[in-house]
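Enquirer: Chains as they are written, first to last, in my numbering: chain R, 1 to 69; chain D, 1 to 441.
These aren't lab readings, by the way, just hints derived from the structure by calculation.
Hints may contain errors.
Computed list of chain D residues with no C-beta within reach of chain R, every gap over 12 Å [as the list claims (entries may be wrong)]:
(1) 68
(2) 69
(3) 214
(4) 242
(5) 285
(6) 364
(7) 366
(8) 367
(9) 385
Result set (DSSO-like, lysine-lysine): computed pairs, CA atoms no more than 27 Å apart in a straight line [what the hints assert, rightly or not]:
(10) D/66 / R/25
(11) R/30 / D/387
(12) D/66 / D/387
(13) D/290 / D/319
(14) D/394 / R/30
Some, not all, of what chain D presents toward chain R, calculated at C-beta under 7 Å [said to hold, decoys possible]:
(15) 239
(16) 304
(17) 312
(18) 346
No experiment lies behind these values; they were computed from the predicted model shown.
The beta-carbon is built from N, C-alpha and C at its ideal position, and this holds for glycine as well.
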Amino acid sequence: MKFVIFLSLIAALLSSCTTVQPWEKDLLAKPSMALTPSEIDSFLDEHIYFSKEGSTGGQGVGGGGCGCN
Amino acid sequence: MQLNKKHKQVQSVRSKLALATCSLLQVTSQSAQAGEDQWKIDADLLIYSESDSRVSLVEPVVNMEKGIGEDDSINIRIITDSITGSTPNGALPTNTGVQTFTNPSGKSIYTTAAGKNPLNSTFRDQRTAISVDYTQALSRLSRITWGLNANKEYDYSAFGGSATYQQEFNNRNSTLTVGVGTSSDTWFPVGDKNTEFAPMIDGSQTTTAQPKGGEDTKTTTDFMVGWTQIINRSTLMQFNLGMSNSSGYLTDPYKIISVVDINGNPDNTGLGANSFPYLYEKRPDSRSRKTFFWKGVHHLTEDVINLSYRYFTDDWGIKSHTLDFHYRYELNGGSYLQPHLRYYSQTAADFYQHSVLNPTSTGTALPEFASNDYRLGEFVTTTMGLKYAMPVGKDSEFSMRLELMNQTYNTVGTLYGQQNTLELTPDLNATIIQFGYSLYW
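With the hints as extra help, turn the sequences into a complete structure.
Expert: Structure below.
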């Protein structure tokens with residue numbers, strides 16, 4: 001039930017979006033606006049926190065584990 | 001002929017425009033930047049260092065990316081790292097005297113002074129990992145990324161594969177992402193795997209042997225579905241739901257847990273000849289994780305805010321919240337400063353406990369599973385960082401960042417006697433330094 005409410009909220013939020021035309025995407029096209037501006041920074045951070053915390057994942061799939069201590 | 005040429009030109013411009021627009025929503029956003037003839041190379045060096053002579057890590061990473069044909073791209077990442085230092089062995093500090101432990105090899109011993117956090121100082125590892133991602137355009141609005149990775153450590157190996165499909169909709173304002181991945185991992189513990197819940201045998205004698213079990217494996221499968229949405233001209237959001245299942249050997253082969261009496265004193269009564277008062281830990285052989293992830297990227301007049309939140313829950317009883325905030329502050333000439341704040345809090349796994357009561361002297365049965373691995377406990381991580389990047393020449397960039405991380409732990413469950421007066425899990429502080437150089441070649 002919680003999940004359905006949650007999805008409904010997201011759907012409501014997204015339906016309020018305006019369609020941005022290709023010629024209006026100048027800001028969105030900047031490298032700094034990428035969802036992950038630095039793949040390496042994110043990769044290294046994920047590796048550190050994977051080794052030090054009990055949670056992983058969220059942003060992708062695969063990647064393999066490590067015998068981290 | 002002329003017509004054909006014109007048609008080709010139009011097609012080429014169209015495909016370039018498509019590629020440029022594509023990059024807005026791609027997971028590997030840099031794909032479109034690495035051209036067909038050039039490699040985009042990122043070479044970074046990470047230096048990670050924990051306080052109190054705990055873990056130190058030096059990790060060079062090279063990431064190479066290149067466009068192939070009009071729409072495809074390949075990404076290759078190579079990592080090597082070298083780890084030294086001390087890591088908590090899982091036993092508790094005690095004020096009753098020096099504690100003696102057996103090294104992972106099983107052939108020698110080390111000691112920890114009274115009141116000190118027991119650390120295994122023989123911890124060393126070397127790792128080499130390689131991953132290759134190939135992104136293949138399926139149509140104007142869809143693509144698939146095939147990923148392969150291999151990871152080899154001194155005592156561990158992992159091989160994995162993944163496939164991530166992306167489909168754009170709504171005039172390229174929305175992207176659906178569906179991904180699956182799998183990894184097959186093997187432990188080759190130093191001195192072989194210790195039998196779970198077997199007592200730690202004194203490594204300085206040769207009469208009694210440590211129960212061992214060779215190597216062991218685990219398998220992990222991941223699934224995710226995500227939606228990326230352009231909200232308006234300056235805002236982008238991503239929503240991901242993820243599931244992951246692991247099965248096999250999920251115990252840490254080196255971690256132990258203290259066996260104590262009702263007063264919290266180490267107690268090896270009934271554990272057998274030449275036994276220290278510690279058991280090798282035991283975890284369930286399956287784990288199911290779920291995540292919800294949200295990220296928003298917003299362009300201000302010049303600067304960019306990148307904010308994300310992750311909720312994590314698993315069937316071991318861990319729940320966590322992660323908030324991550326980057327603010328990119330644009331300087332003159334293409335340089336920027338980027339402060340970073342991260343907050344993470346987690347609850348403990350159901351089987352996390354600081355010690356187990358001695359079954360013989362207290363008449364208490366051992367639990368089904370038990371671990372005092374601090375990473376399964378209740379704690380908060382806070383990280384503060386700053387990155388500075390500056391362009392070098394036309395196509396290169398140099399960057400460096402400094403981050404300070406702190407972990408503060410809470411005690412969980414019942415404490416016995418002296419455990420109430422000791423600092424069972426001291427704070428962890430770590431410094432992260434990273435230098436990066438990227439260029440087109």
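Enquirer: State for each hint whether it applies.
Expert: Now the hints, each set against the structure:
{"no.": "1", "hint": "68", "verdict": "holds, 18 Å"}
{"no.": "2", "hint": "69", "verdict": "holds, 22 Å"}
{"no.": "3", "hint": "214", "verdict": "holds, 15 Å"}
{"no.": "4", "hint": "242", "verdict": "violated, 5 Å"}
{"no.": "5", "hint": "285", "verdict": "holds, 15 Å"}
{"no.": "6", "hint": "364", "verdict": "holds, 26 Å"}
{"no.": "7", "hint": "366", "verdict": "holds, 23 Å"}
{"no.": "8", "hint": "367", "verdict": "holds, 18 Å"}
{"no.": "9", "hint": "385", "verdict": "violated, 9 Å"}
{"no.": "10", "hint": "D/66 / R/25", "verdict": "holds, 24 Å"}
{"no.": "11", "hint": "R/30 / D/387", "verdict": "holds, 19 Å"}
{"no.": "12", "hint": "D/66 / D/387", "verdict": "holds, 26 Å"}
{"no.": "13", "hint": "D/290 / D/319", "verdict": "holds, 10 Å"}
{"no.": "14", "hint": "D/394 / R/30", "verdict": "holds, 17 Å"}
{"no.": "15", "hint": "239", "verdict": "holds, 6 Å"}
{"no.": "16", "hint": "304", "verdict": "holds, 5 Å"}
{"no.": "17", "hint": "312", "verdict": "holds, 4 Å"}
{"no.": "18", "hint": "346", "verdict": "holds, 5 Å"}
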